[in-house]
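*Asks:* As a plain string of letters, each chain reads:
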Amino acid sequence: MDARLLIRGMRARHGWIYRLAAILMFALAADGGRAAPGVQAWRIDETHTSIGFKIDAVGFPTTHGHFTHYSGRILIDFERPAKSFTSFTVDSASVDVGSPSFNDFVKSTALLDVEKFPTLNFNSTQVEKLDAHTARVTGNLTLLGVTKPIVLTVNVDTDPSSKGRVVAFLATGTITRSEFGMLFGIPLIDDALEITIKTRALTNE
Amino acid sequence: MSEGAASWPLSLRFLHWLSAALILAALMLGTYMVQLVHDSAARFELTQTHKSLGITIFLITIVRLCWRILVSAPKPEPAAPMVLLAARAAHIALYILLLLMPLSGWLMATTTPVRVPTKVFSLFQLPYPLSPDIATFRFAHTVHVTSAILLAALIVLHVGAALIHALAWHDHTLERMWRTPRKAPQLPGRR
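If you read the protein sequences in the order shown, they are chains R and Y. No gaps in the numbering here: position 48 of the first sequence is 48 in this note's numbering, and each next residue is one more. No gaps in the numbering here: position 140 of the second sequence is 1140 in this note's numbering, and each next residue is one more.
Take these hints with a grain of salt, some might be off.
[Stated by the list, open to error] With the C-beta cut set under 8 Å, the calculated list includes, among others, these residues of chain R facing chain Y:
hint	residue
1	Ser94
2	Val97
3	Ser99
4	Phe102
5	Phe105
6	Ile175
[Unchecked claim] List of simulated lysine to aspartate or glutamate pairs, DMTMM-like, C-alpha gap at most 20 Å:
hint	chain 1	residue 1	chain 2	residue 2
7	R	Lys83	R	Glu128
8	Y	Lys1119	R	Glu128
9	R	Lys107	Y	Asp1039
10	R	Lys107	Y	Glu1045
11	R	Lys107	R	Asp56
12	R	Lys54	R	Glu128
13	R	Lys129	R	Asp157
14	R	Lys54	Y	Asp1039
15	R	Lys116	R	Glu128
16	R	Lys198	R	Glu128
17	R	Lys198	R	Asp104
18	R	Lys198	R	Asp91
19	R	Lys54	R	Asp191
20	R	Lys163	R	Asp45
21	R	Lys54	Y	Glu1045
[Unchecked claim] Here are the simulated distance ranges between beta carbons:
hint	chain 1	residue 1	chain 2	residue 2	range
22	Y	Met1028	R	Val58	16 to 26 Å
23	R	Pro149	Y	Pro1113	19 to 29 Å
24	Y	Ala1153	R	Val58	24 to 34 Å
25	Y	Pro1078	R	Thr62	52 to 62 Å
26	Y	Leu1018	R	Ala168	49 to 59 Å
In short, the hints are calculated from the structure, not lab data. Here a beta-carbon is modelled for each residue, glycine too, at the ideal position from N, C-alpha and C.
So that you can see chain Y by itself, here it is in the shape it has in the complex (with noise of 0.2 Å):
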């Protein structure tokens, strides 16, 4: 990856917001309907909508990150190492629970003795390779759960740490993750 394009590249920034939508979606649909929804007909009907978010999360954030190993990022605003470094590993994590949490919903999916159709957006089957297994199903929905709750703190991190930069810190961070800023970053007394 190239650093040091003045924003990121409109089709990233399209890819952030979309997936933006699409996790929120996501992560409400999966709490409201385990938590909050209790006819049998609208909680089938739910979890495959749920089901098809998060393949499409899924193939989004593939995407996402072949795109950012071929296109230039814009270089990180200056700050403390500390918090870059902090930063890096937030992305790096989210990056990981997007991919961590369709594969666990699918292996939960799969292994399911409740199997059912996945068609993702009535478009397509997914495979199901593996048979049904009770322990394996466990393992898979321990580790959705807890993605999910990890997710939901690293996104509230996030967005936290966007609105630092925006509004204590006064620098580009959140602005050119949707347009190119107009000025060059001022950031006077700070490195």
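Only chain R is shown next, with the shape it has when bound in the complex (with noise of 0.2 Å):
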């Protein structure tokens, strides 16, 4: 079938499709309003970014792990740092420590407890510049449920061959998992979870 025949059809068939993606091209031109000149939102390169955290125990090795799925959005003002903004939202059930099993285990009521709590949710609510490559960002946390106030240490790193377009971030910050509720091993696993979240930030323009 000719390719544009196809998407006639398609576009017959799925046209709520088509006014639902107007309506958000609408919701996110109005949000655009945070985005006062020299704002500008960023697209997150996913082949570059790793939400990722460490912890540790006792009588048990560190444990790594990751999220392989969440969406994002970088909204960054050079000149004045403090308009940027951030947002995360991760799909909880996507943990990843290395093993079915042990995924089971941190999906489970004990830790995650994914199915009441399908998401973990950052939101910035503070960005100071610290030095040229160094922001200090503060934000909402919400994790299994609880929304507290994080601070993440963030080193920014411009790729000169990219000519402006790349922007390399490195978010490092720890929290304290008992303010959100999440109790299980402590004393024997440690109170403090470190995070790392690694991504870069790509423009067109």
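With the hints as a guide, bring both chains together as one complex.
*Replies:* Right, dumping it as structure tokens:
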């Protein structure tokens, strides 16, 4: 079948998708109100993004894990860093700690309780520039349905060869999981959970 | 228990060697995973397998003990009274440790603050009737490790004694654990 005919047919059958897309585009444009001149939305390069964590324990090896499904937004204003904003929503069932049965355990009610809390969210509330390559990002983390402020230190690196079109971020921070009601294994498993978010943002401009 | 049969019943021989294989596997796996495995996912998986092996050994030991009451066991080969007494004490100690190892392991699994469900070979889940309690967990851990060291030492003694019976004393003690001896014991000059 001719490709154009196929697309026309799909458009007719799935017209609601196009209407939904139009609504979303309108909503995003409206959200651009936050993005005053100078604030620019960047695309997240998923091939260079990892949302990881690390936790130590007594009598058990350090556990490293990451989440494979997430979505995020990065708005950057290089002139006025305080206007920058980021948010991430992570699919909690996409946790990977290295083996299927270990994953199942981490997803269980003992830890992430993914059936009850399918997502983890982070929304920045404050961005402070510390030096040319470092920022402090304060934001609200929602974990197990509890929202608490956390602080991330973010290394910002622009790739000189990309002519300012690629920015690499390395965000690190420590959360106290008991504050979110995640009490499993304390004190044999540490209360402190280190998080490391590596990402790259791209722009076409 | 009645005594005097020529060799161990086939059922008990089978359970003895099956236990031997499982016990060695559980001891080696337990030592290996704790001492040498530094990857958390691998440690998690191996711990589940170790717990499954332990519960299986516990169930087999219960069956063996019941079976020994019901069926006739062969009379010990003639030996000095002290040797017979030592053998009997070692066998009783082995059975006690074969029960104590899984029981202390289960107590660890049920009282640890890091309580992970024990799914025995993914077939059924072990009940955890006690609440997590770190003092009880530490006690159970000490019992488990001490029992493991004693069990390993007793296995060396058990294997060594079996080899002495077979190679130095030339009696049927070892042979009758895996087949029916073809000849009557020949023990010139020994009781």
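*Asks:* Evaluate each hint against the coordinates.
*Replies:* Status of the hints after comparison with the structure:
Among the interface hints, the one on Ser94(R) is violated; its C-beta lies about 16 Å from the nearest C-beta in chain Y, farther than the 8 Å criterion. Because the smallest distance between the Cβ of Val97(R) and any Cβ of chain Y comes to about 6 Å, under 8 Å, the interface hint for this residue holds. At its closest, the beta carbon of Ser99(R) sits 4 Å from a beta carbon of chain Y; the interface hint therefore holds under the 8 Å criterion. Contact between Phe102(R) and chain Y, as hinted, is supported at the beta carbon level, the nearest pair being about 4 Å apart and thus within 8 Å.
Evaluation of the Phe105(R) hint against chain Y yields a held restraint, the C-beta minimum of about 6 Å falling below 8 Å. For Ile175(R), the suggested interface contact is broken, since its CB lies about 19 Å from the closest CB of chain Y, more than 8 Å. For the suggested pair Lys83(R) and Glu128(R), the alpha carbons sit about 9 Å apart, so the restraint of at most 20 Å is met. Proposed proximity of Lys1119(Y) and Glu128(R) is contradicted: the alpha carbons are some 49 Å apart, above 20 Å.
This hinted pair checks out: Lys107(R) and Asp1039(Y) have alpha carbons roughly 19 Å apart, not beyond 20 Å. For a cut-off of 20 Å, the pair hint linking Lys107(R) to Glu1045(Y) stands: about 16 Å separates their Cα positions. Simply put, Lys107(R) and Asp56(R) have alpha-carbon atoms about 18 Å apart, close enough for the 20 Å limit, and the pair holds. The suggested pairing of Lys54(R) with Glu128(R) is violated, with an alpha-carbon distance near 25 Å, which exceeds 20 Å.
With a C-alpha separation of about 13 Å, the suggested pairing of Lys129(R) with Asp157(R) holds against the 20 Å cut-off. Between the alpha carbons of Lys54(R) and Asp1039(Y) the distance comes to roughly 12 Å, so the proposed pair stays at or under 20 Å and holds. With a C-alpha separation of about 34 Å, the suggested pair Lys116(R) and Glu128(R) falls outside the 20 Å cut-off, and the hint is violated. At most 20 Å may separate the alpha-carbon atoms for a hinted pair to count; Lys198(R) and Glu128(R) meet this at roughly 19 Å.
Proximity of Lys198(R) to Asp104(R) is assessed by CA-CA distance (about 25 Å); at most 20 Å being required, the pair is judged violated. In summary, the hint linking Lys198(R) to Asp91(R) is supported, as the alpha carbons are separated by about 17 Å, within the 20 Å threshold. A distance of roughly 11 Å separates the Cα atoms of Lys54(R) and Asp191(R); the hinted pair therefore holds under the 20 Å criterion. Restraint check: the Cα-Cα separation between Lys163(R) and Asp45(R) comes to about 16 Å, which is no more than 20 Å; the hinted pair holds.
Between Lys54(R) and Glu1045(Y) the CA atoms are separated by roughly 19 Å; this keeps the pair inside 20 Å, and the hint holds. About 24 Å separates the C-beta atoms of Met1028(Y) and Val58(R), a value consistent with the hinted range of 16 to 26 Å. Against the hinted window of 19 to 29 Å, the Cβ-Cβ separation of Pro149(R) and Pro1113(Y) comes to about 28 Å, which satisfies the hint. A hinted range of 24 to 34 Å for the beta carbons of Ala1153(Y) and Val58(R) is consistent with their spacing of about 28 Å.
A hinted range of 52 to 62 Å holds for the C-beta pair Pro1078(Y) and Thr62(R), which are about 58 Å apart. For Leu1018(Y) and Ala168(R), the Cβ-Cβ distance of about 57 Å falls inside the hinted range of 49 to 59 Å, so the restraint holds.
Hints 1, 6, 8, 12, 15, 17 from the list above are not met by this structure, while the remaining hints are.
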